[in-house]
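Protein chains: 4
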Amino acid sequence: MPLTPEQQQEIAAARAAAHPTRRATVPALEEILYEAIPVLDHGFIRVIDYMGDDGAIVQAARVSYGRGTRRVSEDRGLINYLMRHRHTTPFEMCEIKYHVKLPIFVARQWIRHRTANVNEYSARYSILDKEFYIPAPQHLAAQATSNRQGRGDVLEGDAARRVLDLLRDDAERAYAGYSEMLNEDEQGAPRDPSWPGLARELARMNLSLNFYTQWYWKTDLHNLLNFLSLRADPHAQYEIRAYADAMLDTVARWVPLAHAAFNEYRLHATTLSATAIAVVRRMLAGEAVDQASSGLSAREWRELMAVLGRG
Amino acid sequence: MPLTPEQQQEIAAARAAAHPTRRATVPALEEILYEAIPVLDHGFIRVIDYMGDDGAIVQAARVSYGRGTRRVSEDRGLINYLMRHRHTTPFEMCEIKYHVKLPIFVARQWIRHRTANVNEYSARYSILDKEFYIPAPQHLAAQATSNRQGRGDVLEGDAARRVLDLLRDDAERAYAGYSEMLNEDEQGAPRDPSWPGLARELARMNLSLNFYTQWYWKTDLHNLLNFLSLRADPHAQYEIRAYADAMLDTVARWVPLAHAAFNEYRLHATTLSATAIAVVRRMLAGEAVDQASSGLSAREWRELMAVLGRG
Amino acid sequence: MPLTPEQQQEIAAARAAAHPTRRATVPALEEILYEAIPVLDHGFIRVIDYMGDDGAIVQAARVSYGRGTRRVSEDRGLINYLMRHRHTTPFEMCEIKYHVKLPIFVARQWIRHRTANVNEYSARYSILDKEFYIPAPQHLAAQATSNRQGRGDVLEGDAARRVLDLLRDDAERAYAGYSEMLNEDEQGAPRDPSWPGLARELARMNLSLNFYTQWYWKTDLHNLLNFLSLRADPHAQYEIRAYADAMLDTVARWVPLAHAAFNEYRLHATTLSATAIAVVRRMLAGEAVDQASSGLSAREWRELMAVLGRG
Amino acid sequence: MPLTPEQQQEIAAARAAAHPTRRATVPALEEILYEAIPVLDHGFIRVIDYMGDDGAIVQAARVSYGRGTRRVSEDRGLINYLMRHRHTTPFEMCEIKYHVKLPIFVARQWIRHRTANVNEYSARYSILDKEFYIPAPQHLAAQATSNRQGRGDVLEGDAARRVLDLLRDDAERAYAGYSEMLNEDEQGAPRDPSWPGLARELARMNLSLNFYTQWYWKTDLHNLLNFLSLRADPHAQYEIRAYADAMLDTVARWVPLAHAAFNEYRLHATTLSATAIAVVRRMLAGEAVDQASSGLSAREWRELMAVLGRG
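Residue numbers (this note's numbering), protein chains in the order written: chain W, 1 to 311; chain R, 1 to 311; chain U, 1 to 311; chain A, 1 to 311.
Worth flagging that the hints you see were computed from the coordinates, not collected in a lab.
Keep in mind that a hint or two might mislead.
With the C-beta cut set under 7 Å, the calculated list includes, among others, these residues of chain U facing chain W [claimed, not checked]:
#1 HIS113
#2 GLU131
#3 ALA274
#4 LEU308
#5 GLY309
To spell it out: a stretch of chain R is covered by chain W in this simulated footprint if at least three of its residues, at any positions, have a beta carbon under 8 Å from a beta carbon of chain W; those stretches are [claimed, not checked]:
#6 16 to 29
#7 49 to 57
#8 84 to 94
Every residue gets a Cβ at the ideal spot worked out from N, C-alpha and C, and that includes glycine.
Could you build the full structure based on these sequences and the hints that come with them?
Okay, here's the thing in structure tokens:
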């Protein structure tokens with residue numbers, strides 16, 4: 001994520017500003033405002049703006065005239081209650097805006113979360129930089145054999161080298177083709193003056209899905225937590241999880257009470273099916289239950305035993 | 001809109017705060033932050049929080065590393081361009097939160113705008129105050145005869161008096177019934193100790209639609225402008241238009257460039273149908289066009305003539 | 001829910017139609033199509049249209065060229081898998097449309113579910129019928145003492161009579177005032193020709209929240225199940241739960257496999273917090289755990305014990 | 001768009017079905033149901049299912065007990081009225097589902113329309129076919145010089161040949177790399193048994209944006225018309241416009257009255273700004289107006305003159 005000096009200067013200028021405001025502010029989040037937090041080899045997330053804090057959740061739940069907050073223990077109790085009982089609307093009263101740089105294949109997963117506002121850098125209008133994602137060696141995984149949608153062991157030796165060379169060479173070549181078709185030099189003049197260069201909106205189709213794009217992405221806290229509960233989950237693809245993990249850290253700075261409630265009641269919580277609850281009851285009553293007598297499928301049984309620490 | 005001393009104090013306390021922030025701030029909006037702006041006889045809007053300013057629209061459109069703004073004339077030109085060409089996503093990058101007190105029948109129209117976040121005061125959980133809307137004499141209109149969904153002349157004399165008395169008496173009686181069924185005194189103890197009082201969630205059904213409710217309502221600038229284009233329109237019912245007009249004033253403070261573009265390209269713009277454009281072309285070519293030869297219905301013809309100042 | 005003869009005739013005519021279609025059809029749902037299923041004292045739900053069936057979920061999950069379904073056991077397995085793992089998008093591929101008649105206070109809760117399409121009968125434009133909700137004696141509950149948002153014991157004897165009389169009398173009076181202000185006879189002519197009648201959009205504010213309104217409401221299966229998981233829940237107010245229960249029956253007819261998966265993995269499932277899971281593990285390991293040592297609040301402990309059948 | 005024999009058979013089987021239904025049916029749309037309508041070189045759209053017809057718009061607007069339709073002329077008048085006055089909710093009562101095969105760069109534009117349901121073919125789970133988009137010669141355009149986001153003249157001769165060769169060679173090579181990294185033969189066994197093949201979720205990043213993906217896409221008529229008003233517009237990129245045009249044809253079959261209203265009041269309508277209307281009024285009053293005295297920018301003036309046929 002090498003920012004250009006000009007970009008660094010713009011960020012520094014934004015960080016240098018200090019205006020007085022009557023709005024709720026969160027010093028721990030202000031501290032990192034605008035800073036580029038690195039993700040993957042060339043990506044980042046930057047918090048650009050935010051609205052509200054833990055108090056704003058309480059304030060909305062109470063439809064208050066003032067801040068609405070009372071003692072910290074009462075606010076925590078209320079936020080835990082709201083999270084447990086799926087009273088989601090007060091969490092929608094906080095909003096956050098990120099600037100994200102991410103590979104296109106990650107952007108394609110991310111955009112599936114519809115309840116957000118997005119402005120993406122336009123490759124119809126502008127030219128993409130030559131930056132593409134190459135997995136670090138420890139993330140270069142084989143296809144899982146047990147699960148069609150997952151990763152197996154990490155590739156090593158020749159196999160790893162071959163894959164990395166291929167990814168790099170093909171991306172280099174894709175970008176070379178893109179540049180040749182655009183036919184523009186640094187000043188925007190044709191490199192080869194005998195023809196005008198292909199339309200940008202067409203040339204971009206030559207780039208591969210590991211090229212980086214960027215966008216502004218804004219959402220409310222409730223929908224952000226939905227996003228994170230799916231994308232910070234071990235079943236999510238590693239590359240988007242890396243972004244979700246970095247965002248979770250910003251949530252901890254922003255709304256520590258909501259963050260703790262999210263960990264307790266959602267991210268590290270487990271949903272047991274009607275049949276699974278019946279199994280747990282029987283086990284607690286001292287009955288020896290096995291998969292055959294449980295009413296659960298082999299897979300559900302395995303997952304339940306893992307949850308119960310009897311894996 | 002008589003606020004209680006306690007409410008006034010809470011608002012004053014919130015207004016007294018001043019925190020430093022690195023975020024974009026808008027002094028003209030800060031000036032009125034948290035203040036209750038009166039609407040109708042007991043209602044208000046209060047701006048509770050906001051995210052972004054005119055610069056944030058530009059910043060998102062450019063996917064900038066810094067503020068993204070250039071000279072004011074360039075920013076104005078870009079914002080006008082975005083508004084004209086329906087590039088709506090940059091306007092979604094600004095967010096605003098209101099606290100609104102409004103009659104239930106207005107709330108029922110308002111809530112139809114789905115792209116917003118809402119927390120309403122719960123009459124399942126709490127007791128509503130005795131505050132109901134009675135139209136001012138100049139808004140007490142007869143049913144329109146030309147238009148089934150509209151107002152005609154203002155009622156006067158006996159008719160007006162009779163209607164106002166009826167509205168007031170029935171609302172008083174509805175509240176008396178509500179109170180009697182709740183059977184609670186000021187301290188929450190039963191007034192008549194021989195029975196426990198009806199569940200709040202049931203008792204509320206006795207209230208009429210002119211009683212006031214309140215909510216926190218938060219939306220982005222694009223969806224706010226959609227709301228205002230429908231609700232600040234002369235076809236909207238007067239009572240919701242009163243709220244929309246008050247909100248338009250807050251938009252003028254908040255994002256003056258976007259507000260001007262909205263007025264020019266949406267609120268005071270007109271959409272001409274394919275046939276209407278053909279009519280205008282023929283008229284400009286010197287042809288005498290009348291309704292019969294226009295291809296327009298009588299109503300469309302009348303509306304077009306009004307737009308063209310030939311009403 | 002006394003339908004007029006004209007309404008009954010319209011429904012019968014719609015039910016009499018039989019067109020051939022290449023689309024997926026569900027005979028069990030066709031059987032009740034258009035029929036008014038009674039809810040509360042004057043309300044109903046009617047299934048007006050639907051798109052898709054259990055097979056459409058499978059088809060979309062597989063992005064198939066044909067129907068996509070295989071053996072029933074495979075389809076059931078896939079649908080269970082999707083429901084368990086929150087792969088929600090295939091469930092969005094089924095759509096259903098209801099005509100609902102419901103008290104306004106129920107409509108106000110219902111409309112909070114934003115991901116749906118709605119057309120409500122307009123009291124700006126038309127005149128509402130004299131139909132209001134009066135709870136059946138067994139639903140006339142006192143305010144709960146333990147829970148500010150709930151019902152306690154059923155009212156009986158004098159208290160019940162007084163409440164029912166109040167509700168009925170006030171609703172009668174509200175409608176009388178509404179009619180008087182409208183000043184229209186059955187033919188729409190002024191009853192009292194000395195004045196024109198109040199605008200409908202104003203007169204309606206005299207009606208109380210137990211009057212019935214009606215709307216067309218359309219949503220996809222995923223969002224319908226979200227609605228039902230909240231509104232068919234014991235914590236929901238009885239009156240909206242009555243609608244949710246009637247809708248659940250239509251879901252069972254429409255998509256029996258999805259309905260069963262919903263019961264197993266959502267409606268009758270339980271989410272255990274991180275701390276609650278740790279408690280269950282300790283109990284299964286033979287440890288004696290009490291609330292003090294559990295890390296749970298008194299309320300959470302009570303709820304966990306209830307789930308585990310140790311209440 | 002060469003369908004495999006198996007796919008053709010699945011489509012034929014679906015088309016052969018004929019079930020009786022009480023629902024609204026549209027024979028003109030049934031006629032092409034499931035058929036693959038070719039778009040671009042390998043893409044298609046297929047109508048998979050639909051709910052409602054022109055009558056359903058009328059029915060919802062009237063909140064009818066029966067079909068709600070009257071004489072065709074009355075229905076047409078009502079639908080025109082709803083379209084002109086932006087009463088959008090009745091149009092949301094019709095729903096349509098497409099199966100679409102499209103290049104990834106088109107999918108990236110398309111997905112920005114958030115109010116739709118989508119299931120995309122998963123390249124985490126499955127292997128993409130070797131099918132990529134190569135523009136037809138007449139669509140191989142140079143970058144526009146006047147407009148950074150548009151196309152200029154069509155490329156010809158050597159330039160065209162060079163670009164087409166580049167696009168084809170790079171896509172071939174990208175797919176070869178993808179295949180080599182997957183290391184699977186037709187039966188899913190490793191081609192090179194000395195290593196297990198890269199995880200599919202990683203290998204896919206080597207593909208370029210002109211490769212085809214496919215999805216099920218479902219939306220309501222109102223949101224579909226929004227999509228089409230932006231994507232069937234001359235400012236849209238040709239490749240997505242090709243899809244929009246094919247979809248417009250299906251709308252004409254499905255809801256001919258709504259389609260006609262859409263053409264008249266939206267697709268071929270023009271919005272004039274407040275200032276532009278003032279200009280037209282002055283011109284109609286016989287005044288000679290030029291850009292300088294118009295209050296319009298040079299660009300707005302040019303566009304207005306084009307609309308008025310004075311280009």
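Checked hints:
no., hint, result
1, HIS113, "violated, 11 Å"
2, GLU131, "violated, 31 Å"
3, ALA274, "holds, 4 Å"
4, LEU308, "holds, 6 Å"
5, GLY309, "holds, 5 Å"
6, 16 to 29, "holds (count 9)"
7, 49 to 57, "holds (count 5)"
8, 84 to 94, "holds (count 4)"
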